[in-house]
Amino acid sequence: MPVDLASLETTAREQLCAVLLRPPAPSALDLDADLTGSYALTSLNKVLFLTELCEATGVDLAHFTEDDLEGMHTLRQVTEALARHSTEGNPRT
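Quick note: the sequence shown, position 13, residue 18 per the working numbering, numbers continuous.
Hints listed in this document are in silico derivations from the structure and should not be mistaken for laboratory results. Quick caveat, the model's predicted, so the values are computed rather than measured. Here a beta-carbon is modelled for each residue, glycine too, at the ideal position from N, C-alpha and C. Among the hints, a few may not be true.
As the list claims (entries may be wrong) - Cβ pair distances, simulated, as ranges: (1) 30 x 70: 31 to 41 angstroms; (2) 30 x 67: 24 to 34 angstroms; (3) 37 x 89: 16 to 26 angstroms.
Given the sequences, and given the hints that come with them, work out the whole structure.
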């Protein structure tokens, strides 16, 4: 079953907002904005965000190497990486 990318993006937006100090509305997040530069996402918060997102979507964080995580600079890159490893097709809510 193909991954529901829109649902994955919605879940990613919600999880990112949960770790930001001054979060905008999830729908206001730019998928192509640099997470560090635009949203001041710290490395610790990035780990928390990715851990919670993997939990919410049923994607095992172990699929990703340190280099994979380093390469996730935008929310679009994060959702595309998770989509490649999604076994369920749809994120769990």
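Cross-check of the supplied hints:
1. 30 x 70: 31 to 41 angstroms: holds, 32 angstroms
2. 30 x 67: 24 to 34 angstroms: 32 angstroms Cβ-Cβ, so the 24 to 34 angstroms window holds.
3. 37 x 89: 16 to 26 angstroms: At roughly 18 angstroms between Cβ atoms, residue 89 and residue 37 fall inside 16 to 26 angstroms, so the hint holds.
In summary, the structure agrees with every hint in the numbered list given earlier.
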